[in-house]
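Please arrange chain B on chain A, whose structure you already have, making use of the hints.
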Amino acid sequence: MENVLYIALSRQEAMRRQMDVVANNIANMNTSGFKSQRPLFLEYLERPDRRQERMSFVQDYGLMRNLQAGPVTVTDNPLDVALRGDGYFAVETLAGPRYTRAGGFQLNTDRELVDRNGLPVLSDAGARIVIPDGANQIRIKGDGSIETEQGPLARLKVVSFDDEQKMQELGGGLYSTEQEERPVEKPEVTQGALEGSNVQPIVETTQMIDVLRAYQNTQRMIDSEHERLRTAIRQLGRVQ
Amino acid sequence: MRSLSIGATGMLAQQLNVEVISNNIANMTTTGFKRQRAEFQDLLYQNMRRVGSTSSDAGTVVPSGVQIGAGVKTAAVYRINEQGNISVTGNALDLAINGQGYFQVELPDGQTAYTRAGSFQLNAEGTIVTADGYQLQPGLVVPENAVDITVNPNGEVLVKLDGQTQPANIGQIQLATFPNPAGLEAIGDNLLLESPASGNIIAGNPGAPGFGRVIQQALETSNVNIVSEITNLITAQRAYEMNSRVISTSDQMMQSISQMR
Numbered sequence: 001m002e003n004v005l006y007i008a009l010s011r012q013e014a015m016r017r018q019m020d021v022v023a024n025n026i027a028n029m030n031t032s033g034f035k036s037q038r039p040l041f042l043e044y045l046e047r048p049d050r051r052q053e054r055m056s057f058v059q060d061y062g063l064m065r066n067l068q069a070g071p072v073t074v075t076d077n078p079l080d081v082a083l084r085g086d087g088y089f090a091v092e093t094l095a096g097p098r099y100t101r102a103g104g105f106q107l108n109t110d111r112e113l114v115d116r117n118g119l120p121v122l123s124d125a126g127a128r129i130v131i132p133d134g135a136n137q138i139r140i141k142g143d144g145s146i147e148t149e150q151g152p153l154a155r156l157k158v159v160s161f162d163d164e165q166k167m168q169e170l171g172g173g174l175y176s177t178e179q180e181e182r183p184v185e186k187p188e189v190t191q192g193a194l195e196g197s198n199v200q201p202i203v204e205t206t207q208m209i210d211v212l213r214a215y216q217n218t219q220r221m222i223d224s225e226h227e228r229l230r231t232a233i234r235q236l237g238r239v240q
Numbered sequence: 001m002r003s004l005s006i007g008a009t010g011m012l013a014q015q016l017n018v019e020v021i022s023n024n025i026a027n028m029t030t031t032g033f034k035r036q037r038a039e040f041q042d043l044l045y046q047n048m049r050r051v052g053s054t055s056s057d058a059g060t061v062v063p064s065g066v067q068i069g070a071g072v073k074t075a076a077v078y079r080i081n082e083q084g085n086i087s088v089t090g091n092a093l094d095l096a097i098n099g100q101g102y103f104q105v106e107l108p109d110g111q112t113a114y115t116r117a118g119s120f121q122l123n124a125e126g127t128i129v130t131a132d133g134y135q136l137q138p139g140l141v142v143p144e145n146a147v148d149i150t151v152n153p154n155g156e157v158l159v160k161l162d163g164q165t166q167p168a169n170i171g172q173i174q175l176a177t178f179p180n181p182a183g184l185e186a187i188g189d190n191l192l193l194e195s196p197a198s199g200n201i202i203a204g205n206p207g208a209p210g211f212g213r214v215i216q217q218a219l220e221t222s223n224v225n226i227v228s229e230i231t232n233l234i235t236a237q238r239a240y241e242m243n244s245r246v247i248s249t250s251d252q253m254m255q256s257i258s259q260m261r
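Protein chains in written order, with the working numbering: chain A, 1 to 240; chain B, 1 to 261.
Note that these hints are calculated values from the structure, not bench results.
For glycine and all other residues, C-beta sits at the position ideal for the given N, C-alpha and C.
Incorrect hints may appear among the rest.
[Unchecked claim] Okay, the calculated bits of chain B under chain A, using three or more residues with CB under 8 Å as the criterion:
{"hint": "1", "region": "10-20"}
{"hint": "2", "region": "33-47"}
{"hint": "3", "region": "243-253"}
Chain A extracted, bound-state conformation (with noise of 0.2 Å):
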């Protein structure tokens, strides 16, 4: 009987879902390597009772993150690197190999390369890596081998995978997944640059305005509703 309200219901559940989830966009507008991401909604059909029409709800079924490269802004900190093309960088955690495409790199107190997290960055052979003492030129190539003035160190591991969108966030701009890590053959590295957060502005803004004006208009569809009724009862009460 009150299935308008219910319906109601259903997509300001979606619509306040979507505006944490663009808030979450607009908070991290400056923050290196992020990924916008967009709910997909989906209508979920119902029929309460056999006598009755099928019924559209909505729901919020799944996340889609934007997975296009950021701006890459130049830094000029030798130990910053973006990486253009496809791919992310991997670092080691107690609880396997997480993987980023935040690049501001540092070095640790044991001169290891390591993420803003702390997290040592591995190489493509699995392993840390230690920048030698007295080196200072460290040179990071477009293939994202790194060289000092002592020699060629070490190459940074760069991997994909078949699903991206599969991967889970875990704040940090860490993400994990269990899928195979596919080697990615010619990466594109930049040294001295980060990427920047792919978010773009003016798309937030106007689904922001879109998500509170839909809002808004359910809201007086709720009012309304609940005024046909109220107007009903006070009909049929007179009536009889």
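Chain B in isolation, oriented as in the chain A frame:
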């Protein structure tokens, strides 16, 4: 509303970003200053629907989960130790380092601090000290009858004494480097301190492999690039405004709920 607090994390992050940028701009002409950069990361995600979960009894797997992020956090504010420009001053005790390394300075409490700001002077006893009067380490005393001070690129301090033709070597300036110079702790006054993140000091003479050379009669200017700071400032301001827009939109959504009859 989760988006309210997400917007708040965004505003806080951009506020910090502006603070870092304004400190860079304020120190645009500070000798030996190294610019800093704020770096952000996405916060935790909450799984509303786990990646790879099934959507029906037939075992259909959803293509992607629903993971809602909780906003943004500051990952690091790191110093970019890029070389600053060398500007010639003509002052005999102005020393710049071209390359890596820091001058070692003894603080009044006996601790050693490190600096790239090499505008030294002599104190009443003829000791080489910083502008704040802190002694350069190892301590060097210039004799009273010295007429000319030369510091060569390898850090040897040579003075010509009145009435003598041969310059006398009065000591050697040593530089310090660290495994991770970005981890040094700044304490203001152009001074840095060793920290667990920087690793232990490695001392050596200027000109040795891995150490920079000393340039006399010159100072290292700050490495702040004003054009990029201003563009970063504009980006940060706009990002701040957009996050406040998120908050006001969330507020309007909540308002429409509270007006529900």
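Could you work out which of the previously given hints the structure breaks and list their numbers from low to high?
Checked against the structure, no hint fails, so every one of them is satisfied.
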